[in-house]
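Below, each chain spelled out in residue letters.
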Amino acid sequence: MTNHTLSLAWRLFRHETKRGELTIILLAIILSVASVLSLSLFSERLKSALTEKSAEFIAADRVLDSNKPVDLAWIEKAQQMGLNTAHQTYARSMVFANEQMDLVDLRAADKGYPLKGVVKVAEQPFSPGTAINQLPNSGEAWLESQLFQTLAINLGDNIEVGDKVFKVTKVLTEVPDAGFSVFGGDPKVLISKQDLSATNVEGPGSRINYSYFFTGESDVLDEYYEWLEPQLDRELHDWDSIEDDESGIGRAVGRAGKYFLLASLLAIVLAAVSIAVAAQRYSMRHYDPVAIMKTLGAPKKMVQQIYLLQILFITILGLLIGVVLGFLIQQLVVAAIADKVDVSLDVWHWKPLIIAIFTGSVCAVLFSLYPLMKLFSVSPLRVLRRDLGANLSSRLIQFLASGGAIFLLMWAYSQNIEVSAILFVSGIILVISLLAMTFGLIWVGRKLGQGKMGAWQLAWARIHRRAMDNSVQLISFAVTIMLLLIVLVMRNDMVQQWQNQLPQGTPNYFLVNISQAQQPNLQQHFADNQVVIEKFYPVVRGRFVAVNDEKVRTAVSKEDPDEQNRGRDGLGREANLTWSNTLQKGTEVVKGKWLGDNDDSDTAEQRPFEVSIEEGIAERMDLSLGDKLTFNIGSEIVDLKVTSIRNVNWQSMQPNFFFVIEPRALKSFIPTYISSFNLPTERKADITELMRPFANVTLIDVDARINQLRNIVDQVSLAVEFILVLVLAAGALVLIAQVQASMDERQQELAILRTLGAKGTLIRASVVFEFIIIGVVAGAMAAAATEFSLYMLQTQIFDMPANWHIEYWFIAPIVGALVVGILGALGCWRLLSLNTSHLLRQMV
Amino acid sequence: MTPTTMIKTNGISKTVTTTQGQLQILKPISFDVKAGESVAIVGASGSGKSTLLSLLAGLDEVSEGEIYIDGQAMQNMDEEQRAQLRGAKVGFIFQSFMLVQSLTALENIMLPAEIAGHGDAKKRAMDILELVGLEHRASHYPNQLSGGEQQRVAIARAFISEPKILFADEPTGNLDAANSDKIEKLLFELNQNSHTTLVLVTHDSKLADKCQRQLHMQAGELTEVFATSVSEQAAQKVG
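Protein sequences appear in the order of chains A and B. Every letter in the first sequence is one number past the one before it in our numbering, and letter 835, counting from 1, is 835. Here our numbering runs 1000 ahead of the position in the second sequence, where the first position is 1.
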């Protein structure tokens, strides 16, 4: 490359920047870098902050669960690598006091536990807890509130666990890794790890689980897992992080993470679209200079170097401005929500910066490649024949190049081929539909554009004549609208679902073991205290003994290492059986038919008793429709036939059951009842008074857990709102860029119309009509493509039920028409404010 | 070919492919232009003048026949070689001026010299800008100049690399009468001073008359060659 080439390129770049020739393409690059940087930096910061916060729910960054103590060398290795470790043993054991007994979730923790989150204790049962930075001393035990009821003890009393006596010194109100299932939970007893062996609860046949907690840098954790994985036995060990957590928190964080990823991906696509539009315009505006240079003897290589250098200069400038702007936007957002999100957002991440620069450069280079190739192919003959354009013309190459580039960027960025493919395929379907629509428009335009030349006819005539040329522009409008719709609707559906999960008034206390006789009194007493009791569920306890006459002892007592199910199953001994004729709210039958729907009543007395089972237990115990289950209830054996399998939302904070049996099967048994109620946190002190007349009824307090869950969901929702605003802003900028670029193409026609004496109002109205028509079409196509993409995204990626969004079929075309129409009118205003001779001169 | 022949054409023609099939837009033509001679190609719109000019200037390829520019056979050259030849020996002036809008007047003039790799492009450009009387407009962009001024810049750009041949396509076509006169005067002055061969395409008979010879084109054929110099008005039929 000669100095002349370099200086010529630099001079052209300098002048063109000064004269505003490069504004659009520069703006597109700045936009791509700024939006990707701000979005991914913000989401990265928020994600790590949320993960940090959510990590409290498993008390660590990673947990290794095991049915047997693990090799100590594993823990030493982790410590050598600089990780923090802690250990806790879980056992299900009986506790005795005052001749009362109860089954408890015994937890023996070593110092260091919890690595994340806090343990909270109180001095009174059912009173709010305060964080404590220590664990029970040797010989001491901390018990959950309900145990004080069932064992009839007070602080300072002794309890027996296995062979050891403990003094009860605190009320345990909260442990971070409590899990979120309401009924699973046997009440917890926390003791020091050094006392565990003295209890002798560890022994053959006992249900013991060992959890090893780890915290540290995520890459060190990954490295450690790489080392550990080959030594793990899938039957015995389970490696968990909060992302694997199936609880409400895990899902909310997981979905929010996917949403951020989606939003950033869409921002990349938006940026790519705007660069493609701008590059096309840039290339067309440089046909003349290229033809002139070639005529004056410039070799092709020189022309190529000059323009590649220009793109390089523009890219570097765009990257610099984009990075600064993106950082500022992100700081503004962080500052705006700092007081609402109680997580630190100050951690700096390099990855988003690298991604943003990579995206900006790849977009700038790949999307300007085809327009540049066209530019290089311009013949010098254009100096004599002005109508000559580029010699290279292949929409296929263009679509392949830009489509491939978008797909690669999405894939590289998301490292999720599924998300990328879904968005990409939707995009292709949109493009094909739009092309079909364009042909439709040619046909319609031919009809509508005839007759006296009013603004309306002029608009149609223009669309008709330029329908093929406009297709790229139409597609880019539609894609932009579609991407905005996806981000908007996803956010609405997701936040809605979170809110539905925990509506105001969600029960935060559960009552267990209510006798039939107590039921009316309890209801009355609570009503007198302005507390509404939810539905009463009858419960009998039954031992699950056989499937199809085959004893299940081994199958059901098999250790279940799954964190969520640690306490819930209760199948080793007894299960809670309820009966009902109606399907519980929030559950649905996924296989078979609901109880009683199978036969007509004539044969009802002869047919076997029906049972509906929960999906998870069916899978875990390999049960299917038609299986015969045998329960031992009291002293009777009851045979039940599985006639339906239900999907149960365990996060619903409603009493949920593995087994629901038809009422006639259990009519000879005397049940106890389960119910729930909501009591505002500020009325917590009333609990003792409320429960005083019902000493035998067990109260389970999930208020703290619900508040934790709601808090996280609120913060994630807020974060999602901000991401939405950012993407909407990016989308609006892209639309402006597109309208501006297309306005350029209209300049010549406007100048001619003006010269011929057309009134400003006619021209303006015709341009506005044209944009309105384009906006309506783009909006309608975007609504269709959005519906398809959302269905795929929600069912395949977000694991959500998919809905129709009929309202957007109306909203999208209207908003499309309004936004594109207004932008068109503004752009047109600018052109018409110039005088005709200026317009004509610009055309030369 | 004698050394004094600057352009020699031998049966050159141009055929293009249209939707209706092949169309010959330039029938076979042969003529010579001597070094330092000024020749006007005249004819009605669509008669093939500009096509002929584009072939002579190497902006387009001939379908048949041979063109020699200063002894070099252009029909055997590819686009790159023709660009090199243009850069070395040819200057251009166009009806629509064809200045690069984002370069100043001075930079537009420097462009051919820079493309050719001359180290003193700026000095040369300033000298020639002075010659065309626009030194005070050096840093103006084309859209800040009048039509006449733009064409003067274009003329200056054409002469900066001291071309052996100057091709002009309707050089006064976009100008009013007063400006046309000035431009014509300037063009012929520079042409004479630098002994350049001038080939111009024009509608303007007054401008054509100032050339030593006129080639008349009609429907893609060269019909007549006039010698306009002094008393010889004898017309030759060209077969």
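Be aware that one or more of the hints could be misleading.
Cβ pair distances, simulated, as ranges [said to hold, decoys possible]:
| no. | chain 1 | residue 1 | chain 2 | residue 2 | range |
| --- | --- | --- | --- | --- | --- |
| 1 | A | 417 | B | 1081 | 24 to 34 Å |
| 2 | B | 1024 | A | 443 | 57 to 67 Å |
| 3 | A | 300 | B | 1004 | 32 to 42 Å |
| 4 | B | 1138 | A | 444 | 50 to 60 Å |
| 5 | B | 1193 | A | 389 | 33 to 43 Å |
| 6 | A | 721 | B | 1138 | 32 to 42 Å |
| 7 | A | 454 | B | 1227 | 26 to 36 Å |
| 8 | B | 1138 | A | 48 | 56 to 66 Å |
| 9 | A | 444 | B | 1018 | 24 to 34 Å |
| 10 | B | 1136 | A | 300 | 45 to 55 Å |
| 11 | B | 1136 | A | 814 | 50 to 60 Å |
| 12 | A | 759 | B | 1173 | 23 to 33 Å |
| 13 | B | 1193 | A | 317 | 58 to 68 Å |
Below 25 Å or equal to it, Euclidean Cα-Cα: the simulated SDA-like pairs (lysine to any residue) are [as the list claims (entries may be wrong)]:
| no. | chain 1 | residue 1 | chain 2 | residue 2 |
| --- | --- | --- | --- | --- |
| 14 | B | 1123 | A | 170 |
| 15 | A | 68 | A | 258 |
| 16 | A | 18 | B | 1139 |
| 17 | A | 300 | B | 1138 |
| 18 | A | 18 | B | 1061 |
| 19 | A | 18 | B | 1138 |
| 20 | A | 300 | B | 1005 |
| 21 | A | 170 | A | 153 |
| 22 | B | 1122 | A | 170 |
| 23 | A | 301 | B | 1101 |
| 24 | A | 258 | A | 199 |
| 25 | A | 535 | A | 381 |
| 26 | B | 1008 | A | 301 |
| 27 | A | 301 | B | 1139 |
| 28 | B | 1008 | B | 1139 |
Beyond 10 Å from chain B on every Cβ pair, some chain A residues (computed) [to be verified]:
| no. | residue |
| --- | --- |
| 29 | 2 |
| 30 | 7 |
| 31 | 12 |
| 32 | 19 |
| 33 | 222 |
| 34 | 228 |
| 35 | 289 |
| 36 | 295 |
| 37 | 380 |
| 38 | 403 |
| 39 | 443 |
| 40 | 809 |
Treat the hints as calculated values from the structure; they're not laboratory data. Predicted, not measured: the structure shown is a model, and the values here were computed from it. Even for Gly, the Cβ is constructed at its ideal location relative to N, Cα and C.
Notebook entry, point to check: Taking the CB of residue 444/A and the CB of residue 1018/B, does the distance hold inside 24 to 34 Å?
Noted result: The hinted range 24 to 34 Å holds for residue 444/A and residue 1018/B, with Cβ atoms some 31 Å apart.
Notebook entry, point to check: Regarding the pair residue 300/A and residue 1005/B, is the alpha-carbon distance no greater than 25 Å?
Noted result: 30 Å, violated
Item checked: Satisfaction of hint between residue 258/A and residue 68/A, Cα-Cα up to 25 Å -> 35 Å, violated
Notebook entry, point to check: Is it true that the CA of residue 300/A sits at most 25 Å from the CA of residue 1138/B?
Noted result: Between residue 300/A and residue 1138/B the Cα gap is close to 28 Å, so the pair fails against 25 Å, i.e. violated.
Check: Taking 10 Å as the cut and beta carbons as the points, is residue 222/A off the interface with chain B?
Finding: 52 Å, holds
Notebook entry, point to check: residue 535/A and residue 381/A: Cα distance at most 25 Å?
Noted result: Given that 25 Å is the threshold and the Cα spacing comes to 86 Å, the pair is violated.
Next item on the list: For the pair supplied as a hint, residue 1008/B and residue 301/A, confirm whether the alpha-carbon distance does not exceed 25 Å.
Entry: Answer violated: residue 1008/B to residue 301/A is near 30 Å, above 25 Å.
Margin query: Using Cβ atoms and 10 Å as the threshold, tell me whether residue 12/A really stays out of contact range of chain B.
Written below: 6 Å, violated
Notebook entry, point to check: Are the Cα positions of residue 18/A and residue 1138/B separated by 25 Å at most?
Noted result: 17 Å, holds
Check: Can we trust that residue 7/A is non-interface, i.e. its beta-carbon lies farther than 10 Å from all of chain B?
Finding: 8 Å, violated
Next item on the list: Just double-check residue 289/A for me: nearest Cβ-Cβ distance to chain B has to come out over 10 Å.
Entry: Per Cβ check, residue 289/A is inside 10 Å of chain B; nearest 5 Å; violated.
Checklist line | Hint consistency between residue 301/A and residue 1101/B [alpha-carbon to alpha-carbon, up to 25 Å] | finding: Distance of about 22 Å is within 25 Å: holds.
Of the hints listed earlier, those the structure fails to meet are numbers 1, 2, 6, 7, 10, 13, 14, 15, 17, 18, 20, 22, 24, 25, 26, 27, 28, 29, 30, 31, 32, 35, 36, 37, in rising order.
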